[in-house]
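Asks: What follows is the residue order along each chain.
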Amino acid sequence: MPKLTINGQEVEVPAGTTVLQACQSAGIEVPHFCFHERLAIAGNCRMCLVEMEKSPKPVASCAMPAADGQVVKTDSAMAQRARKGVMEFLLINHPLDCPICDQGGECDLQDEAMAFGFDRGRFQENKRAVKDKNFGPLIKTQMTRCIHCTRCVRFATDVAGVSELGATGRGENMEIGTYIEHALTSELSGNMIDLCPVGALTSKPYAFVARPWELRKTESVDVLDAVGANIRIDTRGPEVLRVLPRLHEDVNEEWLGDKGRFAIDGLMKRRLDKPYVRVDGKLTPASWAEAFTAIAARIKGLDGSKIAGIAGDLVDAESMLALKDLLTGLGSTNLDCRQDGAKLPAERAGYLFNTTIAGIDQADVVLFVGTNPRLEAPLINARFRKRYLMGGFKAAAIGPSLDLTFPVVQLGEGPEVLADLADGNHTWIETLKGAKHPMIVVGQGALAREDGAAVLALAHRLADAAGVVRDGWNGFNVLHTAAARVGGLELGFVPGAGGRDVAGILDGAGSGSIEVVYLLGADEIDTSKLGKAFVIYQGHHGDAGAARADVVLPGAAYTEKNGTYVNTEGRVQLGRLATFPPGEAREDWKILRALSDPLGHKLPYDNLAQLRQRLIEVNPRFAHVDEVVPADWVAFGAAGPTGAGPFVYPIENYYMTDPVSRSSPTMAACTESLRATVSQKTGTNG
Amino acid sequence: MSGEHDDVVVEQPKSFEFTAENLERAKAIIAKYPAGRQASAVLPLLYIAQKQHQNWVPRAAMDYIGGLLDMAPIRVYEVATFYTMFNLKPVGTYFLQVCRTTSCWLRGSDEVTETCKRKLGIDLGGTTPDGKFTLVEVECLGACVNAPVLQLHDDLYEDLNVELTEKLLDSLAKGIVPPKGSMIDRQTSAPVGGPETLTTLRFDGDGNAA
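One line per chain: the protein sequences are S and W, in this order.
No gaps in the numbering here: position 652 of the first sequence is 695 in this note's numbering, and each next residue is one more.
No gaps in the numbering here: position 149 of the second sequence is 334 in this note's numbering, and each next residue is one more.
What the hints contain is simulated information worked out from the structure, not anything from laboratory work.
Treat the hints with caution; some may be incorrect.
Estimated spans, in silico, between C-beta atoms of each pair [what the hints assert, rightly or not]: (1) S:165 with W:364: 47 to 53 Å; (2) W:222 with S:673: 41 to 47 Å; (3) W:374 with S:120: 49 to 55 Å; (4) S:250 with W:228: 39 to 45 Å; (5) S:100 with W:200: 47 to 53 Å; (6) S:121 with W:315: 56 to 62 Å; (7) S:444 with W:364: 58 to 64 Å; (8) S:175 with W:315: 32 to 38 Å; (9) W:228 with S:470: 37 to 43 Å.
Straight-line alpha carbon distances no greater than 27 Å define the calculated DSS-like cross-link-like pairs of lysine-lysine that follow [stated by the list, open to error]: (10) W:236 with W:317; (11) S:97 with S:46; (12) W:236 with W:212; (13) S:633 with S:260; (14) W:274 with S:174; (15) W:199 with S:174.
Every value quoted in this text rests on a predicted model; they were computed, and no experiment measured them.
A virtual CB, placed ideally from N, CA and C, is assigned to each residue, including glycine.
Next up, chain W with everything else stripped away, as it sits in the complex (with noise of 0.2 Å):
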């Protein structure tokens, strides 16, 4: 997303500030830093304006930020294009990112991405033109044990194939966002089917070996 520049020609909103809400938030985070180096919370407030503005961070948001940090606009602008993480640009309601790193791409990430290009009609980078949705690939994100994976905003659904990925899109499309975690019957991180190790083990609720 971010290292093409074409996120100039995007219609950019003209100006943004922080809700009082989250503008708690970034003075705690300048807080953090000692006085002279509040730069360094130039990434969290970056995170912090893309989730306040629809999942992408505009121009008026890293000038903004510029001001609240005392920075040269351009410092701001190298971040935000830097990592891959930041939205320049709008994206789709739901923002998906289909992982293809080793673990994903070996357990058919390639699938995934297929089924999501298929069934949404865009491309990677797209966005389809209700605006529902934009497909991204993205490097690993760190859910190796559930290949393959899909990151929805903050969420993962993994464990996924053609089939799964197909209902996780139809379900959005209705708008239901479907519970988070594995899509197939897994206890968290656990082998399939249920624990195959330390089986005699019990615990109580709070976690402890009863």
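This is chain S alone, in the form it adopts within the complex (with noise of 0.2 Å):
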């Protein structure tokens, strides 16, 4: 624990910090635009020089670790001065076009020339012009405003993982750039834009859009993934206009995933704003009064079993427990919230990412059973990237070849290696034994086929077998994909006594056996099963589900309703209401409970309140907001013969895997970029 004398103030630091760091924590600034406690050290930008004794020179507090007995002044003439002197030299080739810069507001550049700037720029030669660069749909960039910083560099080499960024030439010719140009290939990117200390590098969705003081504030969750990323949502009237990640150690630090930032577009698009009723084949406009005199018309008098009810993905807990309570009490069982079709067991463990995040720092053996966590949740596998880069770290995959930007064992593609290792008949299970905290996760690709619960089975019987679940450590873990799943199975969102589940449902529609399906929500089913089943779609957007539907009652996205969530870990979060929905689009709970009055089961809550209240009764671990409670090692699955063939990851395409997502513009356009560099690897790699 060195000690260390700040500005007469006498400081004890752990070891192993930087000055710049030790002058944080005793509550004193430092200016710097390279230093990102998150990167690697570069120490090229000098804005953050301070004098030190028994140095000739100011030192770049960012790099100089702190030391016993050094004296530091960050605020004697000598520093000032160097600051000064560093400042004059940044604006040297920065242009003066603050007004027009998007990062105006909130630029770093910007502040500290307002503590350290000259009034007036004594260089008389020209200033340098950078040619701008195609990074994608996502980042615009603005080179010659660049003060070369390399957080950037830094950051797609480290925490990306993609190795595409780089200073080229040198001197006055310097540039950050590809070289060659192309869109990045990192689902992390817009990270950078938040990184960038300047305006070179910004929103390409956002530009010229609004003023950081303009916008109103939400801290809320994102639900384009499981990981269950905090987000703070900048609002101005009735739009979201983008979406910044928010620390949270436990969960996505300070990064946050394209999807979850730029898919928000797609929240203006194909939305739900008024009812529809659908009239001779056609749906038609109608009142709320119409389209609940239409479903209680066609529910009233029906037996319970012919309703099923199923959940879609970014659904909240709250309009969740809303529908099970509604269809309960009409006496149906029919409910699944496994739009995909896994075998999700009900025991907590079986379905929980048990090790939790930030337990991925400390694992040392992992194993991916079905799972290409880079597409299905990009902020966990860059927490994997994090823990390879600290060294003694062994990752290996069963399913098709995976990129996941960390060298990966490939072990095979479908649940018969997984036998085998359970079997010990492969030699890796050593690797996984001998290892000090092993983990396995088991993705979605795995469990939604047919032997999806023998397979979650074998993993079960591996984890035991390999001593995956020891005193303190759960290394078993399920990745999930959507937001909205744990959280149904929390509240118990599947089949009841004798009910049917997804598969079911849809069969029993084609039969006829099940005559209302009510979709909340839900999309990623397929619609032509439905056969002639009424179907109720409630949802914001106008996708899969209400296409088909017989009737369409339009609701909330995850931005305009306060909801609760509950991330792959089973961590229980909050998601904020930051606009309200459009038009006649109403918060999710209230529809259902204004539709229970007419169907005569008047649910009983009458605010948010109150149905949080019943949320805890159903399960008391809804009250732990942003807490894991951890489960019990106890046996899931049903051990039984695997089929064969490999398993399928879940993900395809990273930019569209929901109704928000599929609307966004910008997916859009990240799918073409997307499809233009694999259709180009191809043809350059013959």
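Work from the hints to combine the two standalone chains into their complex.
Replies: This is the structure we're talking about:
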């Protein structure tokens, strides 16, 4: 624990801290551009110069390890003069275009220039101009503004794991770029926009849209994957203009996937803003009362076993509970929230990411079973990569070959390899057994198949054989792709006694034994199998479900309601209303509450607080917001024969997985750019 | 030369591979570094590639070296564009580098450059239309005693002036490469006209004092 003196104040910091961090811990701000605590140290912007005793020159505090007996001055004349000098050099080539720069108002350079900038320029030569680069549909570049801090380069190389950015040329001619122009192929590229301390990298879809001080900020969670990244939703009037990540060390650190950040323009497209009723085969606009009457006419008097409900991937726990209560009241047990048909068990340990995301930092061996975390949960994949960079980490995968940005041993493609491992017939089991903190990550690609329950049982057997679950460590994990899934399982949105699951509901609808199907934001099912059933679709986008529906009830998207979501770890988090639902659309639980009245089974809650009370009654864990309640290690899955055939990863195109991202023009542009990159690759690789 | 990213528009060969002999050399260089640190060999390998490929490094060669050293291509581009000694676009058969640093400049490097420009009809950084000559200015070539000097590939031509530069260029235009070293009657870097000190010393054939 080195002890040093900063501005006359004695500070003790942990070994390995830099002088800059020591200053920060003492509450003294040191201006800096290139330093970022989650990136490698570069020390090239020189803005953080401080005076240090026994050093003839000012030192770059970000690259200087704190040591015993150092005497640092951050506000001395020397330090101030040094910073002013650095700032003058930085501004030599930086354009004076703040009024038309999207970074304006939240720009580090602008802020520091206010403090250390000179009121006139002494540089008489021409400023240099740098050609803008094309980084793809997400990042807009204005490379003349670049101050060469290399944060983006370090982020791409280290965190995102795609070595595509670099600094080419030297001196006056140095440029940041890909050298050969191509779109960045990272699912985390949007974070470079946040990292860029100037306006060189800005958001392309958000270009010239708003100034930061015009925006209303709402803290919420992302639901476009099952990670539950913490986000801040920036809105102006009725429109969500941008989404930024919010710090949560145990979930997303300070990163956010590109889908969660950029798919938001889909919230203004293809929205359902009024109820519809199918008349003579055509969906026609209707009033709420008409829609409810149409539903009541169909449901009243119908036997409960002929009614079914399917919950979608983006649905909040409150509305799922309301639908469950309603359908239970009607006597139906045909409920399912597992649209993809994954054979997820009722036992918690069998559907949670038990290790927790932060737990990945301790893991030393991981086996991926039928999952491609890079596409299913890029933030979790980044956490694995972070662990890999720390060293002493081994990864293997069962499934088609993968590029996870860190080395992965491919053990095989199908369940037979899993069986071999569990039976000890595969040598890699020794690696798993020898690990201190082993992890098994089972994806939906392994569970959403006919033999899913058997595969899950096999994975359980392997976990036992390899001792993956031990005192104080649960290395068994299920990685979800849908934000609603764990919430649905936690409140029991699964078939009750004698009830049908998704496949059963679709079969029943086809054969006529199910007459009414209630789709709560469920768009990922095969709607052609719904047969002649009367379909009620409640959701926010005109996607597959609404197209098939007989009655459409317009609901709220995740940015338009207060809702509870449970991420893949089992962490309960609250999403908050940032804007109001468009037109006549309403918050989902309210729709269900209103509908329950004409159906004669009035739900017993009139406001969100009462509904949340009911939620806690159903499952007390909903009371523990932002906590992960560990699950007991019990038996789950159903031992049995496994089928042949390789696992198929659930996500092929990261950019389009749900109604919001499918409606987003930005995500469409990303998809196109991805296709172009892929075809180019096959072109040159033969 | 480097730093200009217009080499991207240059017509690039589709593929590049070391010759068997050069691959051997490359492997010997890679073996000098500990396992996992093979990227350290990137500079000598780029140099070998430039030697092999008409004195310039095509993009295919950078990609090839990246593959050989297990480096991302951008990391090789960074190195190749940083060092001015790597040519990233085609250069003439005779690549002339005129030194312009203090000693040479004081001794008339400006005239040497002007002579080259005038005779060849090209500007700095340019290549003659017949593809024979490329002219660039460089910083100190480390032969200050015999300033001004001009480097042609691996060899220096020293003690130049307008006439001698013209003579050199005429000779090269005919395809004759004159003997390297001082262009006037001077023994290596000894004073012009012969040694002025230690004149009583005699040396035998092996350089030992007799």
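Asks: Of the numbered hints stated earlier in the document, which are not met by this structure?
Replies: Hint check: nothing fails, all pass.
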